[in-house]
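Each protein sequence line maps, in turn, to chains A and B. First residue of the first sequence: 154, per the working numbering; consecutive thereafter. First residue of the second sequence: 306, per the working numbering; consecutive thereafter.
Simulated from the structure, these hints should not be mistaken for laboratory data. Note that beta-carbon positions come from the ideal geometry of N, C-alpha and C, so glycine has one too. Among the hints, a few may not be true.
Claimed, not checked - Where chain B lies over chain A, by a calculated footprint (3+ residues, C-beta under 8 angstroms):
#1 193-199
#2 415-423
#3 444-450
#4 475-488
#5 494-505
#6 548-556
Stated by the list, open to error - Examples of chain A residues lying across from chain B (beta carbon under 7 angstroms, computed):
#7 G285
#8 R354
#9 I356
Said to hold, decoys possible - Dumping the calculated BS3-like pairs for lysine-lysine here, alpha-carbon to alpha-carbon at most 27 angstroms:
#10 K506/B x K412/A
#11 K434/A x K407/A
#12 K211/A x K232/A
#13 K391/B x K413/A
#14 K526/B x K546/A
#15 K526/B x K506/B
#16 K546/A x K412/A
#17 K193/A x K181/A
#18 K193/A x K160/A
Next come the chains, spelled out residue by residue.
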Amino acid sequence: MDFEDTKEEAAFRADAQAWFAANAPTAKELEGMDGMQRAKYWQAKKVAAGWGCIRWPKEYGGRDASAIEQVILNQEEAKISAPETGVFSIGQGMAAPTLMTWANDDDKARFVPRLATGEDIWCQLFSEPAGGSDLAALRTKAVKDGDDWVINGQKIWTSGAHYSDWGILVVRTDPNVPKHQGLTYFYVDMKSPGIEIKPIRQISGESNFNEVYFTDVRIPDSQRLGAVGQGWKVSLTTLMNERASIGAGGGGVKFDSVKKLAASVNIGDRPAIEDSAVRAKLASWYVQEAGLKYTSYRTLSALSRGAIPGPENSIGKLVGAVKSQDMASFAIDLLEQEGIVRDKSYDEAIGSLFQDTYMAIPGLRIAGGTDEIMANIIAERVLGLPQEPRADKGIPFSEVPTGS
Amino acid sequence: MGWTATVIPEEFGGLGLSYLELAVIAEELGRCAAPVPFGSSVYLATEALLLGGNQEQKEAWLPTLATGEAIGTFAYAEGGGQSSPKSLATKASGGKLSGRKVVVPDAEIAQFVIVAAASDSGDGASLYLVDMSDAGVSTESVQTLDPSRSHAHIDFSSASAQLLGGEGQGWGLLQRVLDRAAVLTAWEQLGGSEACLEMAKNYAMGRYAFGRAIASYQAIKHKLADMYVKNTLARSNAYYGAWALNTDAAELPLAAATARVGSTQAYYFSSKENIQTHGGMGYTWEFDCQFYYRRSKLLAVNIGSEGLWQERLIAATEQSNVA
Ligand SMILES: Cc1cc2nc3c(=O)[nH]c(=O)nc-3n(C[C@H](O)[C@H](O)[C@H](O)COP(=O)(O)OP(=O)(O)OC[C@H]3O[C@@H](n4cnc5c(N)ncnc54)[C@H](O)[C@@H]3O)c2cc1C
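Assemble the whole structure, with the sequences as input and the hints as a guide.
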């Protein structure tokens, strides 16, 4: 693991810095645009100049850059004030790598460049009411009809379905074989007749995810990725990339924000930061934060030598989410009575940063694989501990116990 | 229901029952995360009147508090962080009080408020009773993490104020009120924490993943067992607190802090792990999990944070000869 830039890396950093300095969008440039328009504008500008999706091949809008270069670019972009581009994360982080691995050349040429520029937004239609942690228990059905497949069923928790152009979709094509063998993977136009999207409100009050109902939705067989019955294998490509992309997770609350707060509020008649119990807590969180950061650097060093992201990436989300939850909770405690304020008219550092994180983190501990599933992955796939006895192995999906 | 009358003596129109009865009510209110002005009026304002009020003040407010016609509240914080006599900018002179108090529960529906103000004598603070209808009182509502309970800032500008308890004895009186409120709040927190365990258990028994009820996975079993253990210890400590409160025992400060810290920790754990047990469902607006998660945080800071009560606990062990 290297902590300092090599000569090439330093040159790359200087280039990136110079480009951001000259091209960071000004308030005037963004005037009159909503969040989505700003995201698309900024993404298109970056890609046009060769500074977006840099790890992708040139033909798809990237520049075949290394993982380290991506990190450097992220670090430099974090220093400027640029529009938030989270709306692209599912498309670029999960759909694109899946398409690059499994789609034919025509489809790659058609979709991947538009994913890079942000022209198209994609969502992930995986989870279902009966298939979350146990994704392969999903029930949405696809039946072949001529050159089309006819889809019926329901997806749930689909982030961004309401503004997406396309979706990646896993469905059951055969209920009479063991569950992993009966799945097939498609991509689908979100404007297809028969798709109905209903927003779900999350506990924070906002609504970013949805239920998506499929009623006799027709998908041409040409939109299938992988063979019929190979859907599980294709979804693993998506899921490995999902873990890698949410890996760093943790919301807005960081060591720095809590330390700053501790310097500004009192315990007894002294600044909280002088209290040894506060210092001890902060130190533990610092150690975790640093450990996560350097672990991700080590992963990146390995990636840059050609390794593929492995199950050890589960650590990032597992540690980061719980840490942020506890930090947000503790920051609210430091504020005492005033900590409960969650009011946009207040100073952000008092009346929303910690409270918004407190309300958002429970979702992060669940999305993209729950804490418990992450721990199982570490135990079983990293440490090689035996699996629990499985009630759903080796029998047809239709015979697996469901409790109803 | 007469709940607000529980511990108010019969001579003031109350039921004259014990704190053990009030603890049961607090627990049940916590169990359903009731959106009612109870803690502010009953644990704080009523207790402050009972402890520090003179005959006239008691006669003026206790009978209507007992019937529930009047709601009282309590205000000491003036900003973020811990309060102390030195931090108080609110002051009274010649029976007129001026200053600003923040995030006061039920300020907009209360008929009176008991306010901590700086004092030049004694322990550095005095408590005052102010009628919320006074022309010198205005409120500004504020949104919080728990929208099912109302909060507002209060501005006092030369509002008529009656001293409650002695001049320069307010800080000590406040601490005694907080000890009493801590025991009752601990019971409310415990009720909430128990409800979370109950919800998590019911959901885990019915939800299947990988062909089994999720309740059959040790990750979930241990999570629920941890909730149970925390709740059980918290309950035992809360009983001890209720006994100390009811008998006005010398060890009330220690018993109160013990109950308060245990219940705060149990409720935070249970409310967040209840969401976790529900998976995506727990993160939706429609499910009740969120009410408990929000309420656990409100109750964790409304009468002082876990850290503050940990400090009180250790201080009490140093002072008491019982520890
Ligand atoms: C904010 C958010 C955004 C999301 N966005 C998307 C999206 O865009 N697309 C999409 O397809 N999905 C999305 N999801 C869904 C997410 O992937 C699932 O919620 C998650 O996989 C958990 O599934 P579940 O909700 O069905 O919970 P369940 O699987 O029912 O889990 C319930 C509890 O059981 C535990 N559990 C389950 N199995 C085991 C086991 N074997 N051992 C131990 N414990 C176990 C879990 O850890 C959890 O605590 C999103 C979820 C959230 C919260």
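Evaluated hints:
Judged by the Cβ-Cβ criterion of 8 angstroms, the region 193-199 of chain A is not covered by chain B as claimed, because only 0 of its residues qualify and three are needed. Residues of the region 415-423 of chain A with a Cβ under 8 angstroms from some Cβ of chain B number 6, which satisfies the need for three, so the listed coverage holds. For the region 444-450 of chain A, the proposed coverage by chain B is not satisfied: 0 residues have a C-beta within less than 8 angstroms of a C-beta in that chain, short of the threshold of three. Counting residues of the region 475-488 of chain A whose CB lies closer than 8 angstroms to any CB of chain B gives 6, which reaches the minimum of 3, so the coverage claim holds.
Three residues within the 8 angstroms Cβ limit are the bar, and the region 494-505 of chain A against chain B gives 6, so the coverage statement holds. Coverage of the region 548-556 of chain A by chain B holds in this model, with 4 residues showing a Cβ closer than 8 angstroms to a Cβ of that chain against a need of three. Taking 7 angstroms as the C-beta contact cut-off toward chain B, the hint placing G285/A at the interface holds, the least distance being around 5 angstroms. Interface restraint check: R354/A against chain B, minimum CB-CB distance 4 angstroms, threshold 7 angstroms, status holds.
Using the Cβ-Cβ criterion of 7 angstroms, the hint placing I356/A at the interface with chain B is satisfied: the shortest such distance is roughly 4 angstroms. Between K506/B and K412/A the alpha-carbon distance is near 37 angstroms, which puts this suggested pair outside the 27 angstroms criterion. Pair hint K434/A plus K407/A holds up; C-alpha atoms about 13 angstroms apart against a cutoff of 27 angstroms. Straight-line distance between C-alpha atoms of K211/A and K232/A comes to about 26 angstroms, which keeps the hinted pair within the 27 angstroms bound.
Restraint check for K391/B and K413/A: the C-alpha separation of about 22 angstroms stays at or below 27 angstroms, so the hint holds. For the hint linking K526/B to K546/A, the alpha-carbon distance of about 22 angstroms falls within 27 angstroms, and the restraint holds. Pair hint K526/B plus K506/B holds up; C-alpha atoms about 9 angstroms apart against a cutoff of 27 angstroms. Restraint check: the Cα-Cα separation between K546/A and K412/A comes to about 49 angstroms, which exceeds 27 angstroms; the hinted pair is violated.
A hinted pair counts as satisfied when its Cα atoms are at most 27 angstroms apart, and K193/A with K181/A qualifies at roughly 16 angstroms. A threshold of 27 angstroms between alpha carbons decides the hint, and for K193/A with K160/A the separation of about 33 angstroms lies outside it, so the pair is violated.
Hints 1, 3, 10, 16, 18 from the earlier list are contradicted by this structure; the remaining hints agree with it.
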